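Please model the entire structure based on the sequences and the hints provided.
There are 2 protein chains.
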Amino acid sequence: MDDLLPGMLHLSRDGGATLTRQLTDQLRDLITKGRLALGQRLPSSRQLAQSLDVSRNTVSFAIEQLAAEGYLSLSAGRRPEVAAGLSLDRRRTSSRSNCAESARISLSPWARGLHRANWPPVHDGRPRPFQPGLADEREFPHEVWSRCLRRAARNAPLRRDRPINHPPLQEALLGHLVVHRGIKAKASQILIVPTAQSGLTLVANALLERGDHAWIESPGYGGANVALHAAGAIVSAMPLDAQGMAISSAKDAPRLIFVTPSHQYPTGRLMPIGRRLELLRFAEAAGACIIEDDYDGEFHYEARPVAALQGLATSPRVFYLGTFSKSTYADIRFGYVVVPEAQIEIFELAQRHMGMLTSITMQDALAEFISAGAYLGHIRRMTRLYKGRRDRMLQALASEAGSRLTVEAPAGGMQLLARCHGTANDRKLSARLLEAGVVSRALSIMTYHKTDEQGLFLGFAAWNEKEIDRAARVLGRIVR
Amino acid sequence: MDDLLPGMLHLSRDGGATLTRQLTDQLRDLITKGRLALGQRLPSSRQLAQSLDVSRNTVSFAIEQLAAEGYLSLSAGRRPEVAAGLSLDRRRTSSRSNCAESARISLSPWARGLHRANWPPVHDGRPRPFQPGLADEREFPHEVWSRCLRRAARNAPLRRDRPINHPPLQEALLGHLVVHRGIKAKASQILIVPTAQSGLTLVANALLERGDHAWIESPGYGGANVALHAAGAIVSAMPLDAQGMAISSAKDAPRLIFVTPSHQYPTGRLMPIGRRLELLRFAEAAGACIIEDDYDGEFHYEARPVAALQGLATSPRVFYLGTFSKSTYADIRFGYVVVPEAQIEIFELAQRHMGMLTSITMQDALAEFISAGAYLGHIRRMTRLYKGRRDRMLQALASEAGSRLTVEAPAGGMQLLARCHGTANDRKLSARLLEAGVVSRALSIMTYHKTDEQGLFLGFAAWNEKEIDRAARVLGRIVR
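One line per chain: the protein sequences are A and B, in this order.
Here my numbering is used: position 28 in the first sequence is 28, and no number is missing along the way.
In my numbering, each number is its position in the second sequence, counted from 1, plus 1000.
In short, the hints are calculated from the structure, not lab data.
Everything numeric in this text was worked out from a predicted model, so none of it was measured.
Hints may be right or wrong, so weigh each one.
[To be verified] Computed cross-link-like contacts, EDC-like style, restricted to lysine to aspartate or glutamate with a CA-CA straight-line distance of at most 20 angstroms:
(1) Lys387/A to Glu408/A
(2) Lys450/A to Asp241/A
(3) Lys184/A to Glu341/A
(4) Lys186/A to Glu341/A
(5) Lys466/A to Glu400/A
(6) Lys466/A to Glu137/A
(7) Lys1186/B to Glu1348/B
(8) Lys184/A to Asp1029/B
(9) Lys1186/B to Glu1209/B
(10) Lys1184/B to Glu1284/B
(11) Lys1466/B to Asp1391/B
(12) Lys184/A to Asp1025/B
(13) Lys1186/B to Glu1341/B
(14) Lys186/A to Glu345/A
(15) Lys1387/B to Glu64/A
(16) Lys33/A to Glu1278/B
(17) Lys1033/B to Glu278/A
(18) Lys1184/B to Asp29/A
(19) Lys1428/B to Glu1467/B
(20) Lys466/A to Glu139/A
(21) Lys1466/B to Glu1400/B
(22) Lys387/A to Glu1064/B
(23) Lys1184/B to Asp25/A
(24) Lys186/A to Glu348/A
Pasting the structure below:
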């Protein structure tokens, strides 16, 4: 037996892996493949070294490694012994296919239901017109941003105090939100989260328990629908009237209401002050909280943006949700949530429990980007640019498909809703457009109550006028 | 009435806010404060412009803005009218204190329970010795990293295809994990998540349904305990024996098992191959999945690290969890999960639903950091450095507190467990140490089954030898 082992080992001296490493790996293989049986003793390290023509240390290191890993057991004065319990019965299990095995993993009901959610809309490959929700990243000042990032990373060693939400970013962002969005808060009320969707998940989980009622707009944002469902809520789809979500006392009283008052998603309409106050009064009376999703409230074309619900509320029940992914560009994904002051501590704890923390270096770079004026400058420039693109889009749609589509000019934002006339099927239309290289989102997919309305949700911000015209022609051809 | 209004308005021409803005804000204020009542008509814009001595456009813009916001209603040929439904009854609500209001927000049972979880250990201010789990960020190559970040941000416009998990990072990381951790996977099986804790949350939610049984080690990692509980599991604390988590068929069969086989958290022990295989066989028979948390498996001092469970398993039921926060430094928080191949699609969808996405620029910077060799170089240098610090720590603890503490040298990682003799109370000790500027974590807080064992969990990686000696003296004085 003793001289059998060296014949099973082949050490190469071609300068690849070290001799110790080769020996360790080969011995481990012999054990796991069953060629060295349980209880079998290895030659002594002296014998093994001699027969392999390697140093005694080489063998000793390999033996110690395998003992540390548990393949060999050592006892003083005896030769190393192959340890017990090392068979995984590989032959039996490897004959099954990977597929059959993995089918045995049982997913949670939540995970099993993800495919049915119709959210998010995922398109392979690069963005194509008129994919909704995209900022034009070609217009983003990447050079300025890369300098902010570099400086923040270099300064990292100077920042040893690290709250999870970076005060300089909280301050800079608050300054912006107070002036431009009418937010009333202290800087410490702002939580910085990896994405707006993670902020939604966080708030939904911290407020809702299984069986609570929650309201969403219909048509409305799919990401809210899935997040509220995932948190266990019974979600009611509240149809819109001309002012936005219609408040109905016939529905079960909600614990949480999700709204997009700046530019209703997907209609682009602005919720007027009357409905805002009505909603706040209703929430107060019902003891409900509100998530105000201001995903692209920065871009407003007709008049100055209306003050956020958060700033209008007289009792702290509004969670204001924002994102940098529209106001900068898609890869700066960070979201933020303004939480009521009394809830800061519990929400920061919840943030840690769910692991929704972000790099302070990135936060610091964003703080500089805002403080230096680059953020507001970019928003101003994009507002002019996007307004022009909105108008071009309205024009192009009118001339290419005016007889088939009714388009309401959105007050702001990056997308618009084109309603279909007659008996159109928006999902089929959307599928045919996709084949032709034009991305849209069917209104009926975003509508959660029974209605015949059909339409196409189209983004205009990320494409220049030429691209808009070209894609509108394709769209016109298919719609007609 | 008509001439009352101008007297209520005071426009300043000191070059601050524009006249339009001042007028809009002041009119809005008059309405919300009830000084202009519901149904009241404003003067015509011509009259108003005249009496305020501003241009007619200035007034028109303000009126249009307020109409857009819903404060005024306009109809052709008539003067603007204050719209209905604008009272929030501020007097009534503002008399209540904010505190009383916020108390009316009812949190979910999960959120209400966060304070009881005893996790995470949060220390104010900058890190102090011997706070566990910290890499030495002073040794991190910040300059190299900042260049990687800058380059990645500059190259962002070139990357328009954007899967949520960046293939170059998946490839680079896989190359590392295959060679150094024995992982067997395709690159696409690696999900990049904001933090390891968010990875835990993701896997727990995708696998567990309410009432499922899950096992954790005891003592063990608190972050796993809270994540499994949050996902609705009934969590069983499995005591350790010399080889790690003891497998007991007396317990309810688990759906999910959380283990730290590389360096058991907090004992620092390595799970030998025999127990690894036993655990895999058990999971297979029980139809259970395993989360293998390899949080600091990169740093191994005695022998080469043992192959991960993930690579040993013959059926795809192991979710391998890693983090960059230990192998680089705390601010590069990204975690990663290697999921079974058949589960990639559903897990990427779950990642989107929970919003656990990260910046591709950051992912790209990490890919370069790894590919250029900086990652492995840093790990190698830190392994030597941390080994020296571990030895210094063992020495210092032996000489300062040898009679009171028993310390087992951890096989690797960044921290060690010092067990207390006799009737010590580790929580009281830990609190007294904190007052003296030394951070520790009481073993009893991380122990989830009934036992009298007391100990202090201490990090050694982030402090140099002088700092270790100094803090060990403080610790010795308090423990004696």
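Hinted pair Lys1428/B and Glu1467/B, Cα distance within 20 angstroms: Not satisfied, since the Cα-Cα distance of roughly 23 angstroms exceeds 20 angstroms.
Restraint check for Lys466/A with Glu137/A, where alpha carbons must lie at most 20 angstroms apart: holds, 17 angstroms
Given hint Glu1064/B paired with Lys387/A - CA-CA distance at most 20 angstroms: holds, 18 angstroms
Satisfaction of hint between Glu139/A and Lys466/A, Cα-Cα up to 20 angstroms: Holds - the C-alpha atoms of Glu139/A and Lys466/A are around 15 angstroms apart, at most 20 angstroms.
Distance restraint between Lys1033/B and Glu278/A, which requires alpha-carbon spacing of 20 angstroms or less: Holds, at roughly 16 angstroms.
Hint consistency between Lys1466/B and Glu1400/B [alpha-carbon to alpha-carbon, up to 20 angstroms]: holds, 14 angstroms
Given hint Glu345/A paired with Lys186/A - CA-CA distance at most 20 angstroms: The given pair, whose Cα atoms are some 14 angstroms apart, holds under the 20 angstroms limit.
Hinted pair Lys186/A and Glu348/A, Cα distance within 20 angstroms: holds, 15 angstroms
Pair hint outcome, Lys184/A versus Asp1029/B [Cα-Cα no greater than 20 angstroms]: holds, 16 angstroms
Given hint Glu1284/B paired with Lys1184/B - CA-CA distance at most 20 angstroms: holds, 18 angstroms
Hint consistency between Lys1466/B and Asp1391/B [alpha-carbon to alpha-carbon, up to 20 angstroms]: Cα-Cα ~13 angstroms, so holds.
Distance restraint between Lys186/A and Glu341/A, which requires alpha-carbon spacing of 20 angstroms or less: Between Lys186/A and Glu341/A the Cα gap is close to 8 angstroms, so the pair holds against 20 angstroms.
When held up to the earlier numbered hints, the structure conflicts with 9, 19 and fits the remainder.
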